[in-house]
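Undergrad: Build out the structure end to end from the sequences listed, making use of the hints.
In the order they appear, the protein sequences are chains L and C.
Start counting the first sequence at 1; every next residue gets the next number (the numbering used here).
Start counting the second sequence at 1001; every next residue gets the next number (the numbering used here).
Calculated from the structure, these hints are not laboratory results.
Note that the coordinates shown come from a computational prediction; the quantities given were computed from them, not determined experimentally.
Hints may contain errors.
Listed next, the in silico BS3-like pairs over lysine-lysine satisfying Cα-Cα at most 25 angstroms (straight line) [stated by the list, open to error]:
1) C/K1194 / L/K6
2) L/K103 / L/K6
3) L/K184 / L/K146
4) C/K1002 / L/K103
5) L/K146 / L/K197
6) L/K226 / L/K184
Each chain, letter by letter, is given below.
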Amino acid sequence: MTYTEKVFSFGPSGALQGILVEPRGQRIANAPAILTWNVGLHHHIGPHRFFVTLTRALAALGFTSLRFDISGLGDSEVSQGDTRPDPERAVADVREAMQALTKQRQFQTFVPIGFCSSVDAAHAVGVSDPRVVGVIHLEGYGFRTKGFYLRYPLRFLDRNRWERLVRMRVLGDREAAAEASQDKERVYVRDYPSPKKLQSDIATMVARGAALLLVYVGGDTDYAYKEQFFEMIDDRTGSNRVELAFYPEADHTFFIEEDRRRVIHRVGFFLRKHFGATERKTASGAPHSNRFQPDTSPRVER
Amino acid sequence: MKPLFFGEANRRLYGVYHPPAKPSRHAVLLCYPGMQEYNAAHWMFRRLATSLSREGHHVLRFDYYGTGDSDGETDAATPESAITDIHTAIRELRDLSRAREISLVGLRLGAACAALACTGGITARQLVLWEPVIHGPAYVRELEVQDERRNLVLLHADRTRGRRDELLGFPFDARVRAGTEAIDLTTGPGVHAKKVVVLCSEERDEHRAVRDWYERSGVSTELRIVRESDEITGRNLRERPMLSNAVLLELAAELRGSLVG
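TA: The following block contains the structure:
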């Protein structure tokens, strides 16, 4: 195995629980610690065990990660008397994780990975905390733009969309219709920062030297082409520090294993590029460099 | 609540031990459903474990190899390996609790694995089969129907048509399929348990069949129907366990009897 995992309890009275994933072989010197936590109400392993696979893959590259539950979710408890609203508490919990990793493992810098709803806390901490040297959003903020609407008719060339329409509307598959409707309620109703605020937040992080990877998917989302993010915030000045990845065939939680594998490769490549440039060898003696090349075939990432 | 890793060094399992609120000689092992239903059940299992520990039971809930935070790639988890892991978890729970007797509560595929674990090596005080998977092929078919619908909704129909190596977002290769389809709780060796309770929201022939089979094997078996609110019964089995207070109360009441025995 290329990793070791330990139970990691932290926060007030040790109420927050997580798993610390450390490389078994060589570590990248001065690398940031990677943080992942709950997506929606899922516990910290993430949808389809995404964060377990991701953090173990990152350990093979030399990165230490903490995947944990924010208070009140998964295996973490809410401290007695804590009446803060959930978003505020989530941000505080991420900071607790950073503090604990500094105290117990001497980490000074961090890269939070937000996925869907957990992007909110990742973004908030990224903007306000200088210890955050990189931020990764998986299915973060997306606004419809002119470019989105121009490409919108292309959706109707997708056979899958017609097949779904026929099943739900013509053949009356009520279960599929109910599932689609539930997805819409659960996944896409969130409070986003305004484009102007997002632009200013990105500028703040870029000015500080932080690197950003923003991953988007197609399907039913409000995202239609790779560069849409820059159109959203009407600003490309930080584009040398902001990397975009777009997987038009993937869905919001990367339901297909092949899609998850591609995103994990992309995240690994991003982290190695910005925080692990030194070529090092694994415990087995094989170099890391070829393990995480970005998959940029037009079919999967545009 | 004490999270821990246990088991062999090359096959560590993650679990959370909930110590009892008062001294007790009875322990409960909670067996999660299959990984397709794990996330939906996790919160309910935490609530159940907390509730049972407050009642005075030692409780351990744990992740099978290849699931949750336990070691192993996701494609390594099979029903056979889950049964092995249940035996490992029972040994761990005995060490943690020094309990005289252990009961097992399993949900869906976890119920089937718990029942099969009780056919050799251990005798459970109570074996609670909660919405159990009784016939493997029917369960696989149910997952396939959900998977096909999910792929339709997520616009993956073209990519996944005819695919048999993934189900509901998880690997499901021929080995896992064969192991799952081999499950049949209405035949084979009887279970070693003082009492079996089959807990379900609606009575079906297969529930009666498993009850009759266990009764014929000489094990006292009760079929218990727990009616849930309309809001819950309208949802699929992957979601119900997360929501059902009625089942939680029923389980707590059922296991209360083991504390006084």
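Undergrad: Indicate, hint by hint, whether the structure satisfies it.
TA: A quick look at each hint next to the structure:
| no. | hint | result |
| --- | --- | --- |
| 1 | C/K1194 / L/K6 | violated (37 angstroms) |
| 2 | L/K103 / L/K6 | holds (16 angstroms) |
| 3 | L/K184 / L/K146 | holds (22 angstroms) |
| 4 | C/K1002 / L/K103 | holds (22 angstroms) |
| 5 | L/K146 / L/K197 | holds (19 angstroms) |
| 6 | L/K226 / L/K184 | holds (22 angstroms) |
The structure fails to meet hint 1 from the earlier list, while all remaining hints are met.
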